[in-house]
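Participant: The listed protein sequences derive, respectively, from chains A and B.
Everything in the first sequence is counted per this note's numbering, starting at 1 for the first residue and increasing by one.
Everything in the second sequence is counted per this note's numbering, starting at 1 for the first residue and increasing by one.
A hint or two may mislead.
Taking lysine-lysine and the DSSO-like style, the derived pairs with C-alpha atoms no more than 27 Å apart in a straight line are [stated by the list, open to error]:
no. : chain 1 : residue 1 : chain 2 : residue 2
1   : B       : Lys278    : A       : Lys202
2   : B       : Lys290    : B       : Lys278
3   : A       : Lys195    : A       : Lys166
4   : B       : Lys290    : A       : Lys290
5   : A       : Lys202    : B       : Lys72
6   : A       : Lys195    : B       : Lys238
7   : A       : Lys270    : B       : Lys270
These are calculated hints, taken from the structure and not from any lab test.
None of these values were measured; they are calculated from a predicted model.
There are 2 protein chains.
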Amino acid sequence: MNPIVQCVPNISEGRDIGKINYITAPLKNQEGFKCISVEPDQDYNRSVITLIGNPQAMIEPLIEFFRRAVEKIDMTKHHGEHARMGAVDVVPFIPISDVTIEACIEYANQLSRIVATLFNVPIFLYAKAATSPSRINLPDIRKGEFEGMSEKIKDSEWKPDFGPQKMHPTFGVTAIGARIPLIAYNIDLNTTDEKIASAIAKAIRQSSGGFQYIQAGPVFLDQRNHVQVTMNILDYKKNPIYRIIETVKMEAKRYHVTVTGSEIVGLCPKDALLDSLKYYLSVNQIPFDKQMSLSELSEDSIKYLQLRDFNVFKIIEAHL
Amino acid sequence: MNPIVQCVPNISEGRDIGKINYITAPLKNQEGFKCISVEPDQDYNRSVITLIGNPQAMIEPLIEFFRRAVEKIDMTKHHGEHARMGAVDVVPFIPISDVTIEACIEYANQLSRIVATLFNVPIFLYAKAATSPSRINLPDIRKGEFEGMSEKIKDSEWKPDFGPQKMHPTFGVTAIGARIPLIAYNIDLNTTDEKIASAIAKAIRQSSGGFQYIQAGPVFLDQRNHVQVTMNILDYKKNPIYRIIETVKMEAKRYHVTVTGSEIVGLCPKDALLDSLKYYLSVNQIPFDKQMSLSELSEDSIKYLQLRDFNVFKIIEAHL
Chain A
1 MNPIVQCVPN ISEGRDIGKI NYITAPLKNQ EGFKCISVEP DQDYNRSVIT LIGNPQAMIE
61 PLIEFFRRAV EKIDMTKHHG EHARMGAVDV VPFIPISDVT IEACIEYANQ LSRIVATLFN
121 VPIFLYAKAA TSPSRINLPD IRKGEFEGMS EKIKDSEWKP DFGPQKMHPT FGVTAIGARI
181 PLIAYNIDLN TTDEKIASAI AKAIRQSSGG FQYIQAGPVF LDQRNHVQVT MNILDYKKNP
241 IYRIIETVKM EAKRYHVTVT GSEIVGLCPK DALLDSLKYY LSVNQIPFDK QMSLSELSED
301 SIKYLQLRDF NVFKIIEAHL
Chain B
1 MNPIVQCVPN ISEGRDIGKI NYITAPLKNQ EGFKCISVEP DQDYNRSVIT LIGNPQAMIE
61 PLIEFFRRAV EKIDMTKHHG EHARMGAVDV VPFIPISDVT IEACIEYANQ LSRIVATLFN
121 VPIFLYAKAA TSPSRINLPD IRKGEFEGMS EKIKDSEWKP DFGPQKMHPT FGVTAIGARI
181 PLIAYNIDLN TTDEKIASAI AKAIRQSSGG FQYIQAGPVF LDQRNHVQVT MNILDYKKNP
241 IYRIIETVKM EAKRYHVTVT GSEIVGLCPK DALLDSLKYY LSVNQIPFDK QMSLSELSED
301 SIKYLQLRDF NVFKIIEAHL
């Protein structure tokens, strides 16, 4: 058992590279996990940090990272286009393999407890770690932002899960939680007719009666001169990729349009590909070997899911 | 335009055939609609009446039907296994063709207003006609039943939509509303392995992440010696039959099982079959004629949806 999570802390500093490097330094070159990216956004004045690896190994470096954020970021002077409420704004733990969402909730609690105690920072548990329905969605917690938080936190409904019921004057407050990974997935159709992509998106997406964990819409790709059904798969265990692309193929038939390819934007957990490959191999009566190498998995996924612009480094586990 | 609705009044009398005939007599042999069945249930001590036709033509006969229920049914003496709160317990209007759900809501209001005024009966609007979220589900309104209603109705939350805020001593109260028709649909698989039907049911049903308007489960048919995916399609416009059976076929492939047939239990609106036929004809590049006769529609539905035990009289419109 080697539990792997993705952890994506967001900090409210996206302009001062010196500060960003100082704050994120404890997360780099560590045993047990990798910092695969630090992406500052100047307009947002916010940086997104992506860690992958053993969650237990992340806890101590994350505490030092919090300490440095407390030291360097003064939220009373922060301006940026993205909504925010703290110097470290949000820290989600996302189960990738050999780890349950319940374990991720426990890591969120563990980190929250220590950070709140050491730095006197109020912390809200969110998403799957939320302790009440009003704390599931991050925007609900963040409403009012840093500036409104000192009043909001006095309300008994907004008593923090850890730390004092009082704003940290320069740091603000943080949300720490656990959530399922989502997959950004697009399916290419050999037509320029956006109406067809729109009708197919409606057939599969939750908001018009389709699959529960699919958000989808049409898009026309100017450079490539064809349409796509673009989507988020919010829970790939409940709505596996194969089921979605096969349903799209079935719907496309009535328009005499075919699926010419598909693409995964960003990273994708190995399990999501294995789940779908299992379907295709079973249909084709080919034995399924769950110990297959990542490059075999990548090749087979390209073949059966018609993935383009894909390679082994799109699989989260390839970074370990 | 010839608006067609299905209207299914339920009365709290399922044993005394003389009374049932007397109360339902005004609904029979009328111009503009048909009474296609009266089904008494002795254990429930309840009868379900199915009317099909022009809703405007139904209003006056329904009023006389209510008058006779007030006259003959004494709820203080009623016993039966089905939950109930009134002599006429519930009256849903269900749009079938050339009529919107909004129009059905209007018919529900029209009938409620007259019945409440003439007979001093409290009426709750329910389902799509509900005036508050707590009145959408009939069981929520009916909770406490006839015996608890005289207290419940005093609560301002349960003030009736029409009529006095006071129980009718022998009749009780009625729910009148509007809802979309549901289709009871089963898909046959050529296996005796219930686990396969169960896995496929999970893939398609709302409660495990599938299509929004599908309730589904597995069942083993002893007489026929194979399993079925048995389901309710709660909104066939959002989740058309073809999409469900084609998704089931796609899922079945991984188990090397095939769909050998399907069946519609009870009646089915013409539109539901037309919607699905349109898909298959388009796939096969056969022109679609929405003016096709009901027997052509029946034949084509049998062919493309692999319907068994089906004939034209399973189509609601064949009764008009």
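Participant: With reference to the structure, classify each hint as holding or not holding.
Facilitator: Hint by hint, here is what the structure shows:
no. : hint                  : verdict
1   : B:Lys278 <-> A:Lys202 : 17 Å, holds
2   : B:Lys290 <-> B:Lys278 : 9 Å, holds
3   : A:Lys195 <-> A:Lys166 : 52 Å, violated
4   : B:Lys290 <-> A:Lys290 : 50 Å, violated
5   : A:Lys202 <-> B:Lys72  : 51 Å, violated
6   : A:Lys195 <-> B:Lys238 : 17 Å, holds
7   : A:Lys270 <-> B:Lys270 : 46 Å, violated
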